[in-house]
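Work out the full structure: start from the sequences and follow the hints.
Chains as they are written, first to last, in our numbering: chain E, 476 to 938; chain A, 210 to 547.
Heads up, some of the hints might be wrong.
No farther apart than 20 Å at their CA atoms in a straight line, the calculated lysine to any residue pairs in the SDA-like style are these [as the list claims (entries may be wrong)]:
no.: 1; chain 1: A; residue 1: K512; chain 2: E; residue 2: L652
no.: 2; chain 1: E; residue 1: K684; chain 2: A; residue 2: E312
no.: 3; chain 1: E; residue 1: K684; chain 2: A; residue 2: L318
no.: 4; chain 1: A; residue 1: K512; chain 2: E; residue 2: R934
Footprint (simulated), chain A over chain E, 3 or more residues, beta carbon under 8 Å [unchecked claim]:
no.: 5; segment: 569–580
no.: 6; segment: 645–653
no.: 7; segment: 775–788
None of these hints come from the bench; they were simulated from the model. Using N, Cα and C, we set each Cβ at its ideal position, and we do this for glycine too.
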Amino acid sequence: MSDAPKRITLEQWDLQYEKLRVAGAFQPYYGGPLSRHLKDGDQRLLKLRYDNSAAALRLWNFLLTEKNRLREARAEGKRIVGTMKDLGTVPVMAYSFDNVVAFYPDGAWWIPCVMELSAGLLEIADSLGIDESFCPVRAMLGAFVTGAHFPLPDMLVCSVGATCDDFSAIAQRLEGLGHPILWWEMPHRRNPEPDETAVTLPGGFSAPKRQVEFVQSELERVKTALEELTGERLDAEKLSAGIKKANQVRRCLSELRHLAFTAQRCPVPALEMLIAEMLAIHFCSDRRETIAVLGELLDEAKARVQASVGVLDVDAARIFWVNPVADLQVMNLLEDCGGRICGTEYLFSHALDEIPEDLPPLEALAQMALADPMAGSSIDRAERICADIKMYGAEAVLISRIPGASHCALEGQVIAEIVQEKFDIPVVEIEVPPVTDSMRPTVRTRLEALVETVEARRRVAPK
Amino acid sequence: MRTIVYTCPYVPAEWIAAHGLRPSRVMPDSVGSVFSLAGREGVCPYVRGFIAEVTKNDRGGAVVVTTVCDQMRRAFDIVTRKCELPAFLMNVPNTWQSAAVQELYTDELRRLGRFLIRHGGKSPSNDALAAIMLEYDIARTSIFAARERLSAREYAERIAAFGRDGPSSSCVLRDASCVERNTQYAIRNTRYVPLAIIGGPLMKQEFRIFDIVAESGGRIVLDATETGERGMCAPLDAEGLREDPLSKLARAYFGGIQDVSRRPDSELYDWFEEKLTERAVRGIIFRRYVWCDMWHAELGRLKDLIDLPVLDIDTAGDFESEENRTAGRIGAFMEMLQ
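If you want it as structure tokens, here you go:
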């Protein structure tokens, strides 16, 4: 652990960087001062608050250099696979090949935020008939058209079925623009009927064995396509090794989440935790480095907990956060309002749960795919959220609506009702567009109200 | 007889009827689309209307919902929490190319069958199912055959009535006065501009669109909405029907209905283009609900792929308050085409 933990500005980070450099702190190949990313147009960085540790610097630099890594991979002759929608499944398979790099074109949904709408991606989506009534993931269309944010993949894979309509519709529009897609079917996860063999999935949901077998057959199809693309056979041994590596990431994140959500003083801010969690879904285009980045962050968190220090007040309101935010700054805002994150469900809990290692690997991956919280009912998802609220001791829930996302229209109501039935804790729903500047006072007021409600409830029923 | 309500065209009415139950395809009222789930933004008006219809339904014995669209899939969660009707969520795959997904659909029909038996139905024999399938197929054929003799609205209403009440409702052109009236209609209207309408399902009040088009000098000769011809399954292949009727039924529905939810949805365009040519269509009304991403995203694609004028009409589900605007837009479109 270096300095006293605190959240600092980009300007302060440049000073902090200089200090670390002079002190001889390790710098990975993608290292450097954070402010250099401004020249890429990442203007939002100026408005964020960052953790001041070397581990956080490495995390941010790793995130913000993904485009370069993908270009380098292309130059090295690696096959680039765009995996869409499944959030965590196909990349585990793809990274089991020797010569494949997988990434999520869906991740382009953060470009309008990071570049403060200056990249013009949403305007391109508009021109293709995909307007603001769609989820900000529509930025992906613009990214494909400009080719400026990632190299065009050698292959595109997309899960459909029990997925959100907006993404499915946008992906279809993309295919119509001349980007062929391998579609694979993800059935709606349902509870087994009395005469069916039940399988308990990673994370605790249950599904009929028949559904697992079906998903396995779909993943087999994806595997065959990847083998054809690469000319390399992916046997069970290689896939098992890939699963073990993915589990290394997941175990690390599990420990990190536990520390961040339960320590008396929060050791890692919400924004860095969000980014750390996101690494699980496709390893930010470098699995080995992901393990190293998360390892360093975990070490920093452990050291802070050991020293009883953290980045927030000890009595910060404990908030469970549902859905990722399109504007990263809102994670800062929660902390500015006196809250801290104690539990998250950012749509990809299945990418955080360990994949079974005692099963045939493709079956294990199929189980993991089916464990996707979005593949089942909102009631299932709410139950999982409730289990985590209990585990992490959250005092309130914040449901962050993604503008235009088909699932957000109805699921928030179901989740809020179930949480309130079980715990009688406050639930607030806010909508977060890619850049919240114009509505910041409104969002702030709602976050403050939530924090104040938690504080008032503590006064009524002191622990 | 217990009534099983549903709205998705991929639910085969024959399968429900063969279980000794009464299938009824719900057509929501736009009033429900305005008032149900008040305060929730982003909800498709049709889904609102469907939820309102189902939750107030006092005749239904059970409800069947499908996964064809995400909002409807999630509406199932609301229905199960707010409504006492037994509810079944049928998984309808989006992909369609492989034998595995076709088998998945057939498996879902079997699972639906078990649900129906739990709720008062009885397991049908192959003969019984085949007989009902033939009866429905004959009724559908007679509706299709009547198309040119009916006004566009009457034709759409026949299809809707068939969905709501089954073959007994169709009695297409059985009485002489109806034949006479409609023959005269066809003769009177030979100078119309032929149009197609495409989109999701219509709500009750929206059948007025057919009149508005007629009043403006056009005629919908192709109703490719979900509640129109596009939502009707393929003609039955009667050969060997009694040996494995369920597979034939699955093929007619899963293989025969082309929808925007399919991935890829290329077959929708194959079907649509063929019909547009066959019926010499000169313009397309593209009708979509706000917050329906599936259809909304398709507008640009349709314009790219089909070389005909397209009129985009979005609706928030409150047809009455939107009627003047809709009529004005259709009128302008017709002036352009005439």
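Is the straight-line distance between the alpha-carbon of E:K684 and that of A:E312 20 Å or less?
holds, 15 Å
For the pair supplied as a hint, A:K512 and E:L652, is the alpha-carbon distance within the 20 Å limit?
holds, 13 Å
How does the coverage statement for the segment 775–788 of chain E fare against chain A, requiring three or more residues with Cβ below 8 Å from a Cβ of that chain?
The restraint on the segment 775–788 of chain E is violated, since only 0 of its residues have a Cβ under 8 Å from chain A and three are required.
Given the hint that E:K684 pairs with A:L318, does the C-alpha gap stay at or below 20 Å?
holds, 18 Å
Does the alpha-carbon distance linking A:K512 and E:R934 stay inside the 20 Å limit?
violated, 61 Å
Examine the segment 569–580 of chain E for residues whose CB is less than 8 Å from any CB of chain A, and state whether their number is three or more.
violated (count 0)
Report holds or violated for chain A covering the segment 645–653 of chain E, Cβ cut-off 8 Å, minimum 3 residues.
holds (count 6)
Checked against the numbered hints above, the structure violates hints 4, 5 and 7; every other hint is satisfied.
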